[in-house]
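Protein chains in written order, with my numbering: chain A, 1 to 446; chain B, 447 to 609.
There may be inaccurate statements among the hints.
The list that follows gives simulated cross-link-like pairs (lysine-lysine, BS3-like), each with its CA atoms no further than 27 angstroms apart [to be verified]:
1) A:Lys83 with A:Lys134
2) B:Lys607 with A:Lys275
3) B:Lys607 with A:Lys229
4) A:Lys113 with A:Lys167
5) A:Lys189 with A:Lys201
6) A:Lys290 with A:Lys264
7) A:Lys134 with A:Lys48
8) B:Lys607 with A:Lys272
9) A:Lys275 with A:Lys201
Calculated from the structure, these hints are not laboratory results.
Chain by chain, the residues run as shown.
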Amino acid sequence: MTKKILILLLILIPIKANALIEVDITRGNLNPLPLAVSPLSIDEESRKGFEKILKKENIGSEISNIVENNLRTSGLFNPLDKKAFLQAPDIANLKPRFEDWNLIKAQALITGKVNYVDDKLRVEFRLWDVLAAKEMMALAFTTVPNNWRRVGHIISDKVYERLTGEKGYFDTRIIYVSEEGPKTQRIKKLAIMDQDGANNKFLTLGNELVLTPRFNPASQMVTYLSYFKNMPRVYLLDIETGTQEVVGDFPGMTFAPRFSPDGKKIIMSFAKDGKSDIYTMDLENRIVEKITNHPSIDTSPSYSPDGKYITFNSDRSGYQQIYVMKNDGSDVKRISFGNGLYGTPVWSPRGDLIAFTKLHKGKFYIGVMRTDGSGERLLTENYYQEAPSWSPNGRVLIFYRETKTNSKGEGFTAKLWSIDLTGYNERQIKTPTDASDPSWSSLLSN
Amino acid sequence: MRLNKILKNTLLVLTACLVLSACATKKEVATDIQGQMQGDVYTGTDTVEYLADGVPDRVFFATNESILTTASRETLRAQAAWLRKNPSINVVLEGHADERGTREYNLALGERRANAAKDYLMTYGISSDRITVLSYGKERPVDSGSNPLAWSKNRRSVTVKAN
C-alpha cells in the first residue's frame with residue numbers, strides 16, 4: 001500500500017554541476033563535512049493546514065530535523081547549529097547569501113519550501129555548494145501529508161547520493177525481533193520501524209516464539225522462523241496485508257531463511273536426524289531443491305547479489321566455518337581460516353564482501369572479509385553480539401548486542417547497533433523494548 | 447552467594463531423596479559447585495526433573511558436542527525401560543544449546559543433541575513413532591546465568607511426555 005504512495009512528480013532542475021565538495025565514504029571519516037540544514041520555509045496558511053492534519057506545529061522544521069538527524073547519524077556530515085544561521089529560511093531558499101553560510105563554515109547548504117496544495121504535501125528542496133556558490137541539486141515532491149517523514153528520508157538520500165556518489169539508505173525500514181521478559185521465558189514479537197526508529201509497530205502478538213525475520217530485497221515481504229503450534233517452521237509474511245503462510249511441507253524444523261536477490265526463492269536449512277542441509281523453494285512453482293548434502297550442520301545461507309553463489313555456515317571441518325559454493329551446491333570452498341569459530345555469513349549487496357560473526361576466546365566479533373576469505377577485518381568486539389545485516393548500499397551493518405546490566409554480570413539487555421564498514425561510527429538504534437535479529441529493507445523509493 | 451547456592455542444591459537433593467524411594471543421587475550431596483561438572487558437562491541434579499522414580503528427564507552435553515556421556519547413556523537406558531513399561535506414552539525430545547553461539551547454528555545443534563538421545567532410545571527398542579524431536583536452540587535456557595556452570599545446565603536434551 002504505502003510503497004507506491006510517494007510519487008516523484010517533477011524534477012525541477014536536474015543539474016550535473018562540477019561540485020567542489022565530495023565526501024569520501026570508503027575510509028573512516030573523522031572529519032565529517034560541515035553543512036547547514038536550513039528549516040524548510042512554510043507560509044502561514046500551509047503551516048496551519050498541516051498543523052490541523054498532522055498535529056505538528058511546523059512541518060517544515062520537522063522535515064528538516066529528520067534530514068539533519070539522518071545526515072548526522074551517517075557519521076559523514078556535521079549539521080551545524082541552527083542558532084548560528086544568519087539568513088531566514090524563505091530567503092535562503094530563493095538566493096542564499098553564500099558569504100553568510102561560509103562565515104559559519106558550512107560547506108554545503110540545504111534549503112527548501114513546503115506547501116499545502118490540494119490536500120497534498122508539496123516539498124521542494126535545494127542543495128547548494130557554499131564555496132563554489134552554486135546550486136548542486138533541486139527537486140520537488142508531492143505526496144499525501146502522512147508521508148512527511150518519508151519526504152525527509154528521501155531528501156536525505158538525495159543529498160547523501162549527490163555528495164558521496166553512492167545511494168543512500170535512509171528511506172528504509174528495519175524488521176527485528178522485540179524481546180521482553182526473563183531469559184528463561186523470553187517473549188518475542190516481530191516488529192518493524194523506520195530506519196531512524198520512528199513508526200515502530202508490532203507485527204505478532206508474542207504468543208509464539210519468532211526468530212530471524214528477513215526482508216525480501218525486491219518487495220516488502222518478510223521471511224522468518226515461527227514456533228507456531230510448537231513446530232519451528234519458516235514462514236512468509238506480507239507486511240502490507242498481514243497474510244502469513246508456511247514455506248514448504250517439511251517433516252521437521254526449517255530455519256535460517258533468506259530470500260534470493262530477485263525475491264523469487266527462499267533459501268533455508270532443514271534439520272533432520274541430526275543433520276541440517278540447505279534447501280531452496282521457488283515461491284512461484286513451489287519446487288523444492290536440496291542444495292547441500294552432508295552429515296554436518298549446514299546453515300545460515302546467503303546469496304551473492306547476482307544470485308550465482310551462496311555463502312553458508314558449516315561445521316563439516318569439525319567446527320563452525322564459512323563456506324562459499326555455486327548456487328547449485330557444487331564447488332564448495334571453505335573461506336574462513338582465522339582463529340576461532342565463524343557464523344552468520346551475509347553477502348554484501350555490493351557483492352565484494354561477506355559480513356560475519358566470529359567467536360574467539362569468549363568474545364564475539366562482527367567482521368567482514370572478501371568473498372575468497374582474504375582481507376578479514378574485525379569491526380567490533382563485545383561479550384555477545386551477532387547477526388549483521390547490510391544497509392542496502394552496503395556501507396553500514398546493523399546487528400544486535402547483549403550487554404550486562406550491572407557490574408556483577410547479572411541481568412542483560414539486548415539492543416540494535418549499527419556500525420560503518422570502516423569500523424567507525426558505532427551507535428545504538430533506540431527501540432521501545434529489547435531487540436534482536438535486525439534485517440534492513442531495500443530502499444522504499446528508487 | 448556461593449554458600450546459598452550450595453545450600454539450595456543440598457536442599458533440592460535432600461528433597462529429591464525424600465521423595466524418591468531409591469535415592470540414586472545420594473553421592474551428589476557431598477559435592478560442591480566444582481563437582482557439578484565433569485570436563486564441561488553438567489553432572490549435578492539442580493535442574494533435573496523425573497519422569498518416574500529413578501528416571502531423570504534430561505541429559506547434558508559438552509560445548510559444541512552432541513556425544514552422549516556414560517551418565518547420559520545410563521539416563522537414557524532408564525528412560526527406554528520406562529517407555530517400554532508405558533507403551534502408551536509418547537515423548538518429545540527438546541534439544542537446547544547454551545548462549546555462547548550464533549542463533550541459527552544453535553538451532554541445528556539443539557536438533558542434533560535431541561537426535562543423539564533419540565537414536566539411543568531407538569537402539570533400546572523405542573519406536574521412532576513415539577518420539578518427536580524439537581530444538582529450541584538457545585531460546586529456552588533453564589539457568590539465565592552467564593557462567594560456565596549455567597551454560598553446562600543449558601546444554602541439554604530434555605525428554606518431555608507428549609500425552
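Hints and how they fare:
1. A threshold of 27 angstroms between alpha carbons decides the hint, and for Lys83 of chain A with Lys134 of chain A the separation of about 24 angstroms falls inside it, so the pair holds.
2. As the CA atoms of Lys607 of chain B and Lys275 of chain A are separated by approximately 24 angstroms, the hinted pair is consistent with the 27 angstroms bound.
3. For the hint linking Lys607 of chain B to Lys229 of chain A, the alpha-carbon distance of about 16 angstroms falls within 27 angstroms, and the restraint holds.
4. This hinted pair checks out: Lys113 of chain A and Lys167 of chain A have alpha carbons roughly 24 angstroms apart, not beyond 27 angstroms.
5. With a C-alpha separation of about 10 angstroms, the suggested pair Lys189 of chain A and Lys201 of chain A falls inside the 27 angstroms cut-off, and the hint holds.
6. Taking the CA atoms of Lys290 of chain A and Lys264 of chain A, the gap is near 16 angstroms; set against the 27 angstroms cutoff, the hint holds.
7. At roughly 33 angstroms between alpha-carbon atoms, Lys134 of chain A and Lys48 of chain A are farther apart than 27 angstroms, so this suggested pair is violated.
8. A distance of roughly 21 angstroms separates the Cα atoms of Lys607 of chain B and Lys272 of chain A; the hinted pair therefore holds under the 27 angstroms criterion.
9. Taken as a hint, the Lys275 of chain A and Lys201 of chain A pair is broken in the structure, with Cα atoms around 36 angstroms apart against an allowance of 27 angstroms.
The structure shown violates the earlier hints numbered 7, 9.
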